[in-house]
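Student: Here the protein sequences line up with chains A and B, keeping their order. Following this note's numbering, the numbering of the first sequence begins with 1249 at its first residue and continues without gaps. Following this note's numbering, the numbering of the second sequence begins with 1249 at its first residue and continues without gaps.
Hints are computed from structural coordinates only; laboratory data are not their basis. A virtual CB, placed ideally from N, CA and C, is assigned to each residue, including glycine. One thing to keep in mind: the hints can contain errors.
As the list claims (entries may be wrong) - Capping the alpha-carbon separation at 25 Å, the derived lysine to aspartate or glutamate pairs in DMTMM-like fashion look like this:
1) A:K1689 / A:E1777
2) A:K1689 / B:E1411
3) A:K1609 / A:D1279
4) A:K1552 / B:E1494
5) B:K1522 / A:E1570
6) A:K1522 / B:E1570
7) B:K1292 / B:D1388
8) B:K1552 / A:D1417
9) B:K1552 / A:E1494
10) B:K1689 / A:E1402
11) A:K1552 / B:E1411
12) B:K1689 / A:E1519
13) A:K1424 / B:D1463
14) B:K1609 / B:D1261
15) A:K1469 / B:D1417
16) B:K1424 / A:E1570
17) B:K1552 / A:E1402
18) B:K1469 / A:D1576
19) A:K1292 / A:D1417
20) A:K1552 / B:E1570
21) A:K1552 / B:D1576
As the list claims (entries may be wrong) - Away from chain A, derived, C-beta distances all over 10 Å, residues of chain B:
22) E1662
23) I1673
24) Y1732
Unchecked claim - Here are a few chain B residues that face chain A, going by a calculated C-beta distance under 7 Å:
25) D1417
26) M1563
27) A1579
Number of protein chains: 2
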Amino acid sequence: MAALDDITFILNDVLQAPATWQALPPFADTDADLALQVLEEAGKFVASVVAPLQRIGDTVGCRFDAGQVITPPGFKAAYQAFWQAGWPSLSCAVEDGGQGLPAVLEGVLFEMLAGANHGWTMAPGLLHGAYECLKHHGSDALKARYLEKIATGEWLATMCLTEAHAGSDLGLVRTKGTPQADGSYAVNGSKTFISGGEHDLTDNIVHLVLARLPDAPAGPKGLSLFLVPKIMPNGARNAVVCERIEEKMGLHGSPTCVMRFDDATGWLVGEANKGLNAMFVMMNAARLHVGLQGLGLLEAAWQKASAYAAERRQMRAPGARETSLIADHPAIQRILATQRAWIDGGRVLAYHTALQLDVAKHSTDAAQRATAQRWCALVTPVLKAAFTDQAFSGASACLQVFGGHGYISEWGIEQIVRDSRVAMIYEGTNEIQAIDLLVRKVLADGGTGMCALLAEQPASARRDALVEVTQALVSPNSDPALPYWVADDYLRAVALLLLDGAWAQISATSTAPRWHSPAQAFQTWVLPEFDMRLAIIRQRLAGGPNNA
Amino acid sequence: MAALDDITFILNDVLQAPATWQALPPFADTDADLALQVLEEAGKFVASVVAPLQRIGDTVGCRFDAGQVITPPGFKAAYQAFWQAGWPSLSCAVEDGGQGLPAVLEGVLFEMLAGANHGWTMAPGLLHGAYECLKHHGSDALKARYLEKIATGEWLATMCLTEAHAGSDLGLVRTKGTPQADGSYAVNGSKTFISGGEHDLTDNIVHLVLARLPDAPAGPKGLSLFLVPKIMPNGARNAVVCERIEEKMGLHGSPTCVMRFDDATGWLVGEANKGLNAMFVMMNAARLHVGLQGLGLLEAAWQKASAYAAERRQMRAPGARETSLIADHPAIQRILATQRAWIDGGRVLAYHTALQLDVAKHSTDAAQRATAQRWCALVTPVLKAAFTDQAFSGASACLQVFGGHGYISEWGIEQIVRDSRVAMIYEGTNEIQAIDLLVRKVLADGGTGMCALLAEQPASARRDALVEVTQALVSPNSDPALPYWVADDYLRAVALLLLDGAWAQISATSTAPRWHSPAQAFQTWVLPEFDMRLAIIRQRLAGGPNNA
């Protein structure tokens, strides 16, 4: 069940989000009432159509049969209802067939969807990225043929990046695109881990494929992006086939495909050798969406555990005279309040970031655009890593609330633990998010951007300590590997400091017990990790133990 | 593959275990060579017979068919080979048909078994506890009929404790035992989460069942223990049936049964209403075994991740000119070295504890027995909780080393994550271990035992801080719930301090790089949590945020 009261409190009361988006020309007419109506309808759709398919998605899963992928019973009907109701196009431009609403509303929709049914949600999860990519880099001819189909979700899309030997390191990609006489390209190669590479949900599937032109330089600067449809414009089947689907830890509702391209016909998207640039246009939004998946999964786990704790009686809590609800035991309260501290604070940060994506794109003020862009660049990897880590470890903590029942499939909590695990890996592993933050972003500008961002956080000794450590890390250092050793700690410290700021915002907005209890949980059990992380970084800066 | 060199280094060089056990009368003739021979043979058996069945145990799993449980292909033959080779009886007394070897050797055997195939290992995992229970509490008649069968493992045994409404709180058990004219009891009730309640591995299954006599007082002091065999002495089937087996997150090779007793015939074990006492005789050994499962699973995860990291190339490590092995990337080295720090240090503590179990039982010196008993009582819950937590979180960290492949079943690492999760729950949840440590043990004697134990650890500021915090916790306090709020932190602090001591022992024994690198990893990345835990406890002692 979508936590709509919580969500709107954070959007409207804490963040005053409608004022932010209404200051942007495309959303001037989108008032809080309209947004609430959209979210209420989204909540109903998710609860009535998508959530009921969560268990069957896991137990039946996708089947592979001679190149075809059969999705679990009900998945196709739910998807058809989803796109026909206009949900995929929520934040696409009106001229492309979309609803033209702020990105944050789409973000909340996908948070709800992931919590209700992570596997099913993978199918439309890549649509918006494909839409942005095609909109900004596709030729007019390609856009005329594919943009509206992707915007509306009538056709689904994939991102074909990974190959068996090229995962985190896309520079190793070997798939080839060879120019043909008619201006198209013959695409040849094999791609792995392709979510939704083949399925029965839509009539066509549009693959965006990273590959090399014949004369391309080696490495990441020789990659081009190609659009390869499953069904050709003339209705014929293109030469792209699914060779198998993977058996996985979870996410059984989403087919993870090995795709083979055998002289498949494709068209170049954007400039030759600039394929990665074409993909980077959507990276912040995609990573933010993964962070929101984490929030949605953690909320779902919390709801299950909280409901169980309010029904199950075992042993007397301290001071009780009779067998207590387990919700009254400190160990259980601690688990539940800690997860709420992460979810509530995380929503403030994630929704704020989604708003900043729109500000960066649509603000009429260049300085405001630059500040928003800085926030998105620095905070997105933090949210992706911290909230997918927490989705898994927090869902496991919620499983613990169930005792032995948590390990049993019928209670549904163990599925959330299994499903959530993948989000720590895809869209860039969490270790790569940490390197992206510290090495590629903080160090790249000598810490200027991060220190400016921190200066906008509430004043505290911890904030000053993080500024000091940031300055020490950007200073010339005898060990060029040092940032790589402490990147994880740095990302965690940033996450915890931003959460501290988020909780200050919440507490300044409401003193109701609903918000007071997780605010205390944050201070008591979550924030102390900040000091530990800084101690680890400082020890390394001081030349402490080095495992290299 | 069993890490035999590591294991014998810790047993022989760090702990000088043979000297310890040879000082005990029953093991005077068990020299280091004999022990090594036993462990070498154990390693061979585990690798050749048990490990190859790990995947099929997960993929095929146990099947339920009209009251029968069919274990995965190969499981029965492996079990028959296992007991016929004498492995279950390794540390049973010679007069009961056992090998009469020290408990620590059986501990290492089960560590190896759990790492190779956790699901299969569940079957013999409860045997030794049942043996001890029957040996110390069974009547001569019962012992004559069942003790040797259980000691040798020709028949397997179960512990029937949990009921649907009575998990952590056994005082709520409702199953009844009604005296019959012939001195037997009619047992009636339903038990859940019974590992190996039904299977095809052995000709008979011996259930040890917690139930109430008709006139028993309510609560835990009204529980009696009954032996209920699947097959009666006259060859007839007893009235105990498996109603279903559970679908679980993992551990598919072990059937988790709902068992119904319908006027089943049983015999009282030990005194009426003293059923829990009869079970407590084996609690320390059983919990230590669960901690050793954690070590075995973490070792298995580490071996897989380490092998993968030494083969897979992605991106350049800092300073490298070509694409590097991922083993050369700091983020990967950190994950692997951190797990080694837990495993190596954990072995020192777990093997030492297994030795102390024998010292407590067999030493001719009463003071030595008391000290050993104190160590086992205080350290066993710490090992159980800390090493099952680490098995799960550490196996997940090892999964991360594989990137996307980690989520795919064929690599085997995700199975370890799923299998290991249950060990945080069974044999007392880890939250209950923490309460056992702080409330039932440390507070119960005013901190005397724990402070004496800490006084034997290497001197350090952290040790002094933990003593100080212990004294503050046992002091009269205005909030009786306080220990329950900080029990988890206290257990973690004790675990980390003991690991620090274990690493001091290792480092004093060898300065080889094999041990130096994880020693540094422990100081750099593991030990800082100690300070965080103490800060959390101190904040609460100072009257900090209270969520109650």
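Student: Evaluate each hint against the coordinates.
Tutor: Against the structure, the hints:
With a C-alpha separation of about 23 Å, the suggested pair K1689 of chain A and E1777 of chain A falls inside the 25 Å cut-off, and the hint holds. Proposed proximity of K1689 of chain A and E1411 of chain B is contradicted: the alpha carbons are some 55 Å apart, above 25 Å. At roughly 19 Å between alpha-carbon atoms, K1609 of chain A and D1279 of chain A fall within 25 Å of each other, so this suggested pair holds. Distance check on the hinted pair: K1552 of chain A and E1494 of chain B sit about 19 Å apart at the alpha-carbon level, within 25 Å; holds.
Of the pairs offered as hints, the one joining K1522 of chain B and E1570 of chain A holds, with about 23 Å between alpha carbons and a cut-off of 25 Å not exceeded. Restraint check for K1522 of chain A and E1570 of chain B: satisfied, since their Cα atoms lie roughly 23 Å apart, inside the 25 Å limit. As the CA atoms of K1292 of chain B and D1388 of chain B are separated by approximately 37 Å, the hinted pair breaks the 25 Å bound. Between the alpha carbons of K1552 of chain B and D1417 of chain A the distance comes to roughly 21 Å, so the proposed pair stays at or under 25 Å and holds.
About 19 Å separates the Cα atoms of K1552 of chain B and E1494 of chain A, which keeps this hinted pair within 25 Å; it holds. This hinted pair does not check out: K1689 of chain B and E1402 of chain A have alpha carbons roughly 64 Å apart, beyond 25 Å. The suggested pairing of K1552 of chain A with E1411 of chain B holds, with an alpha-carbon distance near 21 Å, which does not exceed 25 Å. With a C-alpha separation of about 70 Å, the suggested pair K1689 of chain B and E1519 of chain A falls outside the 25 Å cut-off, and the hint is violated.
Between K1424 of chain A and D1463 of chain B, the direct Cα distance comes to roughly 81 Å. Violation of the 25 Å bound is thereby established for this hinted pair. About 24 Å separates the Cα atoms of K1609 of chain B and D1261 of chain B, which keeps this hinted pair within 25 Å; it holds. For the suggested pair K1469 of chain A and D1417 of chain B, the alpha carbons sit about 62 Å apart, so the restraint of at most 25 Å is broken. Using a Cα cut-off of 25 Å, the hinted pair K1424 of chain B and E1570 of chain A holds, with the two alpha carbons roughly 23 Å apart.
For the hint pairing K1552 of chain B with E1402 of chain A, the CA-to-CA distance comes to about 43 Å; that exceeds 25 Å, so the pair is violated. Between K1469 of chain B and D1576 of chain A the CA atoms are separated by roughly 24 Å; this keeps the pair inside 25 Å, and the hint holds. Restraint check for K1292 of chain A and D1417 of chain A: the C-alpha separation of about 41 Å exceeds 25 Å, so the hint is violated. With a CA separation close to 48 Å, the supplied pair K1552 of chain A and E1570 of chain B exceeds the 25 Å bound.
For the suggested pair K1552 of chain A and D1576 of chain B, the alpha carbons sit about 41 Å apart, so the restraint of at most 25 Å is broken. Non-interface call for E1662 of chain B relative to chain A: violated, since the shortest CB-CB distance, roughly 4 Å, does not exceed 10 Å. Look at I1673 of chain B: its CB is around 6 Å from the nearest CB on chain A, not clear of 10 Å, so calling it non-interface is violated. Listed as a non-interface residue, Y1732 of chain B fails to keep its Cβ farther than 10 Å from every Cβ of chain A; the least gap is roughly 4 Å.
A least Cβ separation of about 4 Å between D1417 of chain B and chain A falls short of the 7 Å threshold, and the interface hint therefore holds. For M1563 of chain B, the interface hint holds, since its Cβ comes within 7 Å of a Cβ in chain A; the closest pair sits about 5 Å apart. A distance limit of 7 Å between C-beta atoms decides the matter here; for A1579 of chain B the minimum to chain A is near 4 Å, and the interface restraint holds.
Hints 2, 7, 10, 12, 13, 15, 17, 19, 20, 21, 22, 23 and 24 from the list above are not met by this structure, while the remaining hints are.
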